[in-house]
Structure formats: C-alpha cells, structure tokens
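4 protein chains.
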Amino acid sequence: MKPVCLVLGAGRGIGANVGTYFADHGYHACLVRRSNQEALNESIDLIQKAGNLATGYLINVIEDDSVEDLIENIEQNIGPIEVLVYNLGAQSGMKLLAETSYKEFEWAWRIANLGLFRTAQSLIPLMQQREKGTFLVTSATAAMRGNKNQHSHASAMGGRRMLCQSLNAEFASKGIHIAHIIIDGMVDAPDTLGKMLGDKEFNKLKEDLGSSDLLISPLEIAKTYYQIHLQHRSAWTHELNISSYLDKQWWND
Amino acid sequence: MKPVCLVLGAGRGIGANVGTYFADHGYHACLVRRSNQEALNESIDLIQKAGNLATGYLINVIEDDSVEDLIENIEQNIGPIEVLVYNLGAQSGMKLLAETSYKEFEWAWRIANLGLFRTAQSLIPLMQQREKGTFLVTSATAAMRGNKNQHSHASAMGGRRMLCQSLNAEFASKGIHIAHIIIDGMVDAPDTLGKMLGDKEFNKLKEDLGSSDLLISPLEIAKTYYQIHLQHRSAWTHELNISSYLDKQWWND
Amino acid sequence: MKPVCLVLGAGRGIGANVGTYFADHGYHACLVRRSNQEALNESIDLIQKAGNLATGYLINVIEDDSVEDLIENIEQNIGPIEVLVYNLGAQSGMKLLAETSYKEFEWAWRIANLGLFRTAQSLIPLMQQREKGTFLVTSATAAMRGNKNQHSHASAMGGRRMLCQSLNAEFASKGIHIAHIIIDGMVDAPDTLGKMLGDKEFNKLKEDLGSSDLLISPLEIAKTYYQIHLQHRSAWTHELNISSYLDKQWWND
Amino acid sequence: MKPVCLVLGAGRGIGANVGTYFADHGYHACLVRRSNQEALNESIDLIQKAGNLATGYLINVIEDDSVEDLIENIEQNIGPIEVLVYNLGAQSGMKLLAETSYKEFEWAWRIANLGLFRTAQSLIPLMQQREKGTFLVTSATAAMRGNKNQHSHASAMGGRRMLCQSLNAEFASKGIHIAHIIIDGMVDAPDTLGKMLGDKEFNKLKEDLGSSDLLISPLEIAKTYYQIHLQHRSAWTHELNISSYLDKQWWND
Chain A
348 MKPVCLVLGA GRGIGANVGT YFADHGYHAC LVRRSNQEAL NESIDLIQKA GNLATGYLIN
408 VIEDDSVEDL IENIEQNIGP IEVLVYNLGA QSGMKLLAET SYKEFEWAWR IANLGLFRTA
468 QSLIPLMQQR EKGTFLVTSA TAAMRGNKNQ HSHASAMGGR RMLCQSLNAE FASKGIHIAH
528 IIIDGMVDAP DTLGKMLGDK EFNKLKEDLG SSDLLISPLE IAKTYYQIHL QHRSAWTHEL
588 NISSYLDKQW WND
Chain B
348 MKPVCLVLGA GRGIGANVGT YFADHGYHAC LVRRSNQEAL NESIDLIQKA GNLATGYLIN
408 VIEDDSVEDL IENIEQNIGP IEVLVYNLGA QSGMKLLAET SYKEFEWAWR IANLGLFRTA
468 QSLIPLMQQR EKGTFLVTSA TAAMRGNKNQ HSHASAMGGR RMLCQSLNAE FASKGIHIAH
528 IIIDGMVDAP DTLGKMLGDK EFNKLKEDLG SSDLLISPLE IAKTYYQIHL QHRSAWTHEL
588 NISSYLDKQW WND
Chain C
348 MKPVCLVLGA GRGIGANVGT YFADHGYHAC LVRRSNQEAL NESIDLIQKA GNLATGYLIN
408 VIEDDSVEDL IENIEQNIGP IEVLVYNLGA QSGMKLLAET SYKEFEWAWR IANLGLFRTA
468 QSLIPLMQQR EKGTFLVTSA TAAMRGNKNQ HSHASAMGGR RMLCQSLNAE FASKGIHIAH
528 IIIDGMVDAP DTLGKMLGDK EFNKLKEDLG SSDLLISPLE IAKTYYQIHL QHRSAWTHEL
588 NISSYLDKQW WND
Chain D
348 MKPVCLVLGA GRGIGANVGT YFADHGYHAC LVRRSNQEAL NESIDLIQKA GNLATGYLIN
408 VIEDDSVEDL IENIEQNIGP IEVLVYNLGA QSGMKLLAET SYKEFEWAWR IANLGLFRTA
468 QSLIPLMQQR EKGTFLVTSA TAAMRGNKNQ HSHASAMGGR RMLCQSLNAE FASKGIHIAH
528 IIIDGMVDAP DTLGKMLGDK EFNKLKEDLG SSDLLISPLE IAKTYYQIHL QHRSAWTHEL
588 NISSYLDKQW WND
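Residue numbers (the numbering used here), protein chains in the order written: chain A, 348 to 600; chain B, 348 to 600; chain C, 348 to 600; chain D, 348 to 600.
Bound conformation, chain A alone (with noise of 0.2 angstroms):
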C-alpha cells in the first residue's frame, strides 16, 4: 500500500501537476476538485498512463463534514496520508469594497482558513500518531500585504498565514512538517488564470510570452514542493516564496 499525497484544489495548474510528481515518487495521488469532471479525469489519466496511482474527487470542501469524510474513507481505502497539499485559492477577482459581497467575503474565508482548519484538525491527529506528515500550504502575495481591490482575498489568505504558524507552532516538534508557499506571480494554469483571463486571451499572452519563462511553470513548483516535503527533519523550511526571475517582488516597486 503506498502512502498517499491528498491534493485539495487540484486544478490543471500547481494542484495537479504537484499531485502528479509526487505519484511519480511513489505516492497514490489523490485529487479534489469542486467541478469539471472532465478535467479531473485527465489529470488522473495522465498519471495512470506514467504507471502510477491516482484517484479523483469532484467534493466541495466548504461544505459540512466534506473534507472529513474524504480524509476518513481515504485513510480506510487507500492509505495513510503522508502529504497533504492545501492548494485551494481564494481570489474572487479584483474588487473595490462596494463590489465585495457579504457572500464573497465569507466564501474566501470557508475556503482559505476554516477548510484548512477542518483539514487540519481531521488529518493532523493521524499524522501525529504515525509521527510523520507533510502539510504543504500555496499562499499568494495577498498574505503578505493587501491590495485596494483585494478585501476578501487579503482577509482570506492573511488569516491562513497566521494559522500555518500557529498549526507549525504546535506541530513541528511532533514531526509535521507544514510550509507556507508564497507563491508571488502568475502561474502558467489553464483552470485559474486561463480562467480568468478567458482561453482566447490566455493563449495570445502565453503565445505572446513564448519560452520567456514570465509565467510560472507548475511542474517547477512541484519539484520545489516535493524537495519540501524531502527536508530532513534537523533542517525544514516552514515560508518561502516562489517567482518568476522576471516578475517583481511584491515588496518592490
């Protein structure tokens, strides 16, 4: 039985593309996506194709008891959970305060910290008496400092920051290994920025951009989350921020 890594939020960007690598270092890869069933089943086709082991989930994380269930019915049927990645987002778009709506500003928040909270306080007990885990957590730039148009996303994701300190603080030295991932740059993703942007507009910028490297590749950041999750124990990073060398930082101007 091979230890699993759960990916939350495993669109065809960072979610999938981590889900994969570690599936091809010997992990069963376990995706949740709320929607798209098509898309879920390519990712999880790619990773069968390698030879691998992969298992797919259209669940909605904010809804009651969700998560927990998945985490108990994984952790019967599949196997014990090794690497979870938190890789659900809470960017709604660019919003000035009038434009933010009670429902928006709570959505951000079921999604970015109290699913993580639940996920923790499910998984985290586990890991604890197995005295091994990795919780991989994708930040963005709005945990760092909020923006005009980013009221619910900044609350959002600030909140998680602080509770991937205080999960660190209290987990760390019972052998959880939980990384906030800045991630600071737009990712070369066809669910979230293609999204976004539409496809017609996402394939001009990314013709456009050619192999300038200006957005981030996901498979890049897998390798970085899998080095992560590979840190010994004497020597773990628990923040780091990842971008592309052309993108500015978010602290300059």
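Hints listed in this document are in silico derivations from the structure and should not be mistaken for laboratory results. Just so we're clear, the structure is a prediction, and the values are computed from it rather than from any experiment. Please note that a few of the clues may not be correct.
When chains are identical, the list treats them as one kind, so a pair holds in a single copy or across two.
Straight-line Cα separation of at most 25 angstroms, PhoX-like style, residue types lysine-lysine; simulated pairs [unchecked claim]:
no. : residue 1 : residue 2
1   : K595      : K553
2   : K479      : K595
3   : K521      : K396
4   : K570      : K479
5   : K595      : K442
6   : K542      : K349
7   : K479      : K553
8   : K442      : K542
9   : K479      : K442
10  : K521      : K595
11  : K553      : K521
12  : K521      : K442
13  : K570      : K450
14  : K349      : K479
15  : K396      : K570
Chain A is fixed; fit chains B, C and D onto it per the hints.
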C-alpha cells in the same frame, strides 16, 4: 450636533477609555458592547457626569443587520460618525488545535473580520461623502505571528490586519484615515484581562505590580488613539505598536 | 536649566521642525548639521525669535569623536539631553550596482549605522542614570525593502532598523524610549527633496501640488515625534510609519 | 573545465558541506576561510578523495582587494564561477551595548555587508555576461529582529538582508538567482557552535542530544542550497528559513 465617536467593543479597558477621551474632546461617544448593562451604564455615567455626551448600546455585532442598523440609527438620530473605533477582540483563551471547536474558530472570524468588513461597508461610504473619517482598529500580537495555542485568534487577527491594509489602500486617498494598532502586552482592563484571570487574581496582580506600569494603561492608549485621529492628512500613520516599557516585544527572545 | 532636545541632521525639513517644536514646548533645541551655516542660522533665529532657546552646530557626525565630544559638551554646558532625534539620512540617489562606489556604500553605513551606534554609546548611559530619555530615529522605506537602485541606502537603513530594535530590547525596560519612524513618502523639505530636485524643479512641484498635501509636512511629522515623546511608559510605540494620505504604502502595488 | 562553486566562509559546517555537495554534483569547489590551514586541508581532502575537484584558500575577505583578486584569479585559472555561497557570519557573541566596541561593530559590517557588496560588484558582471549565476547568502535570525545583546550582529545582518533584496531587484531579471537563507537555529558545526562552546561542551551537547536532530545538520542545509540552485528560472525562491523541527521559530513565544 456633535460629531460621533462610535466604539464597537466598549469594555472598561481600551474601548470605554477611548470613548471617554473623545467625549472629553468634543465628540458624542456611542459605546457598544455585547452584554453587561451595568458596566455599560457605569461608562456612560462617567462621561455624562463630566458634562459630555454619551449613548450606550447593548448589541451583538456578529448578529445579522446589527451594526448596519446601528450605524444608520446613529447617523439619523445622533450625528455623523467621524471616528470609528473597532475594538472587538477575538481572543478565546489558550487552546491547542484539539481544543478549538469549529464554532469558536468561526466566531473569531465573525467578530474580528466579517464584523469589520460589514462596518466598513456601512460606514465608509458615508465618510467618503463627507471626505472625512477615522477608522481606528485595535489589534493584537496574534495579527503578526501565530502561536501554538492561538489558532482561531491568530487566523482571525491576521486576516483583520490584511483587511485594514486593503481598506487603507482603497480609502486613504479619499480622506479616510485607517490605522491598525497592535497592542502587544497586557492591558489593565477589568472586562478582558480581569475576566480572564478572575477578579481575585486580577486584583492581586495589580497589587503586586503596584506602580510598575507593566500593565498597559488604557487611558494612555486612548491618548495615542486620539493623536492618530488628530494627525494631518499629509502625515498619517497606518500601523504602530503599543506596549509597556517592561514588555518584551513580540519579535524579541 | 531646560532639558535639551538634540537633533542630529537638522536640515530645514524634519530636523529643524522637530527641534523648533520641542523648543516651543520647553526644550533647548540643539541643532546639528554638517554644512550650510546660513541655513543653520536661519533655523536658530526662528526659534530664538519665538522666545525659545536654540544652539546650532556645524558638525560632521561621521568624523571621529565628533558626536562623542558634542554630547559631552552639551551635557556640561547646556543641559541634560532628554530627547535625541537621529535624523541623518543615507540616501545618495538612485544608483544601480555598477554606479555605487565602495566609498558611498561605506558612507551610508557610517552615517546611518555607526553614527547611531556611537550616539547611543555616548548618550544612553547618561539617560540611563537619569532613568529617562527619548531616542527618536527617522527611518525610510529602504529600511523595509531593498529596491534595485538603493543598494547602499537599503543596506544602511535595514541595519539601522535592526539596531533600533536591539537598543529598544536592551533599554526600554531602563526607561529609554526608542522609536523607529518610517517616513514613507516625499517630505516637503528644501534641504533634501529640494536639493535633489534643484530649487526650480522643487518650487514648480510645490506650485503644481498646491494644497493637495501630497508632500508630507515636516511640521506635522514634528507633532507626531513630540507625541511619541509624550507617551507614558506604560504605552510606548516602538515603530510606526508616516505617509501622506495620497501616498501609496510601500507594500501596495 | 568544470564550473566553480565558490564558498566564502568555508568552515566545517554549512560552508564546507555546501562546497562538498556541489563538488559531488559536478562543480569545482573553491573553499575560502580566514584561518586554520589544517581544517581547510581536511575539507579539501574529503572532496578530492571522493574523486572531485576542490581548491582551498586562506583569505581574509575584509582585507582590501582580497575577494576582488580571488574572483579574478579563479575565473582565469579554475573556471567560471557559477555559484557563489556567501557564508560569512558576523556573530561575535552575546554583548550588551557597553560591551560592544566600535571595532567589532565595524568588523561585523565589513564582513556581513561590505564583503557581500564587493563580491557582488566583482562577480555579478561576469555572471551577467553569461546570463547565469546563483548567489546563495546564508543569513541568521538577527536579520529579522534585533535582540538586546546582538547590536553589531543585528545591524550587520539586517543590512545584509536589504542588500540581498536590492541585488535581487536589479539582477533576477538578468538571470542571476539571489537567495537569502535564514538559518534560525543552532547548526552542528565545529567551527562556529563548537568554537563558541568549546570542544568539551560541544561534544557533551552532541552526546546529550543524541539523534534528536535538535542541531541543524549542515549536510541537510547543503541539500536545500543545492535545490535552490537547481530551481528553474520560472520558479525561483528568494527567501526561505531553515530550522530544526524542534526549534521554536523566531516569531513564536
């Protein structure tokens, strides 16, 4: 008609002191707390006996429409809210992950984040029409780092800090002064520290400390809040910390 | 004998304004600048004509024994230095790495870091004996992040920020109030911004801006410096930022 | 001709381990330390016995022209420097302000800041011509906050962090990968921790700790340095922390 200083979270610590201080300087203090009519009356009486204006409200800010109705009511019946003091804390004690319920995790977010967001959406448009307004948000060390027994508090306050930044980014240039004030130490406040320790312990602590000034004086905090409000728009402070000279700063060993 | 407010870096911007403001409130202002006797006299005259005390010095703080002798001299002949304003900047223009000489890299450190260290070593023991003293350090955005043409400035100011923290960590509990004040914007100052732009450009800029308050008023900064000094020891601020309501904060896009 | 990995500060901890690791992966390791020919020979021998290339230098980097000449020499006689590891620390013990001499305050800056600046000015133009290069800078907690007995160290490392940011801001887009790596914990290193504690204490500590992994393994650090170097330019990390799973993070209580 005097301008209003509305204090959400008007316990007999920072909240009531800030309200009283603004009342002393020409504002009608509107003090809001969730419960304890007696303590509320005490705070109101103190202001009125000094010949100043004060009105008290027992309101639970996390209830639907509560703060929205309150703001409308005050604007119609008392005066324009020129100063808003968001002093609602989200501390619910030192609890490890297993001890933290979904319910209190959500409560912390509702009071620290959603409440501020709702207040901003109701009040800032009015301030913006008047091209004038001060938003003073009390914050805590948990907004800056997550400790192991602060999962809900840190997540809530970290989100709040980012929300203060995004509000500032959108509204400073419209004349709304938003300040995030990190209280990094124990405040001499019967309704928070006193409640946490119990009356007996609290009184003993105060006796032991004597005039050492280890506890932060809420009156002295109030003076700084007022000075931030007085700052000219060419020289605004958005973030500052406050601690006793005897406190170790959160970043120090 | 009045207590002294010693301003190192007393150009006709923040420095002279802070000195004047403290002189208005009962301090003997000792103004120190490296050059320009005429401008120094002008600042001193303004204070004296208002009926207050001021003494001027042309001193290059980076020279050996300069600040050490000055502090001894003032303490013996003028009065106890109760307030120190370290207002020496280390900006030397926008220069890429190839344009930055070893010499100016060292100069920036000498003025921003070593000068503050020497001042602290000379003055803080005296303040400590009196269990009283305020150390106000003017800082810049470059202390918070390094931009591409700020190699020497950022290195110098980043070091200075940490030194302010270590001084605070050692001496706050001894009654010495150390504050690190990040000026994040252009100040309306003829001796710095004016010198950088040239008189003609500077005057044109001010005319164009009119009463927009985009330039930070050094008088308004002085008021905040004074308020920090007034803070009671139970409620001290160590770090704060100041910018115009029209400034974009350094962390925002 | 193999590419060179130049390690400045090649003590038998992080420095020698990083050099050895890069030598194992195809680099000519150039190890530089200030003194102790015997220890240097030991490190060089280890690499050579494994069939890899290494050259040792006893050089005091703070001396005029030292690092400039070294870089020229290596580029002409050994190979292109593709990786630079700036591993020179500036720790000189726990000293309060009165115990810190001007001399050691200056030394800390010369080694932590000026040395890095000089290295960057000599080496980055060569890397830029080749559109390729990795600059790995070892940093410490003192770059993030100043403790009371760290005046010289904190000032030096705080400045260094900002310099790394400004170098990154100018040169990342030119293909130079600059990383600031915060080592937040005690490293199992005979030439630093061992020297600080003395041989006897150090050995006793290691015996007591056994296989607890409280001391950070320099070999494990080396692996992370190498992975940062391997990162594709579309997904670079500029800043990360490393600590043992048993270490309390600097921001936690």
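Against the structure, the hints:
{"no.": "1", "hint": "K595 - K553", "result": "within (19 angstroms within a copy, 31 angstroms between copies)"}
{"no.": "2", "hint": "K479 - K595", "result": "between (36 angstroms within a copy, 18 angstroms between copies)"}
{"no.": "3", "hint": "K521 - K396", "result": "neither (37 angstroms within a copy, 39 angstroms between copies)"}
{"no.": "4", "hint": "K570 - K479", "result": "both (20 angstroms within a copy, 20 angstroms between copies)"}
{"no.": "5", "hint": "K595 - K442", "result": "both (22 angstroms within a copy, 18 angstroms between copies)"}
{"no.": "6", "hint": "K542 - K349", "result": "neither (34 angstroms within a copy, 45 angstroms between copies)"}
{"no.": "7", "hint": "K479 - K553", "result": "between (40 angstroms within a copy, 24 angstroms between copies)"}
{"no.": "8", "hint": "K442 - K542", "result": "within (17 angstroms within a copy, 40 angstroms between copies)"}
{"no.": "9", "hint": "K479 - K442", "result": "between (41 angstroms within a copy, 23 angstroms between copies)"}
{"no.": "10", "hint": "K521 - K595", "result": "between (37 angstroms within a copy, 12 angstroms between copies)"}
{"no.": "11", "hint": "K553 - K521", "result": "between (44 angstroms within a copy, 21 angstroms between copies)"}
{"no.": "12", "hint": "K521 - K442", "result": "between (41 angstroms within a copy, 17 angstroms between copies)"}
{"no.": "13", "hint": "K570 - K450", "result": "neither (36 angstroms within a copy, 37 angstroms between copies)"}
{"no.": "14", "hint": "K349 - K479", "result": "within (15 angstroms within a copy, 40 angstroms between copies)"}
{"no.": "15", "hint": "K396 - K570", "result": "within (20 angstroms within a copy, 31 angstroms between copies)"}
Hints 3, 6 and 13 from the earlier list are contradicted by this structure; the remaining hints agree with it.
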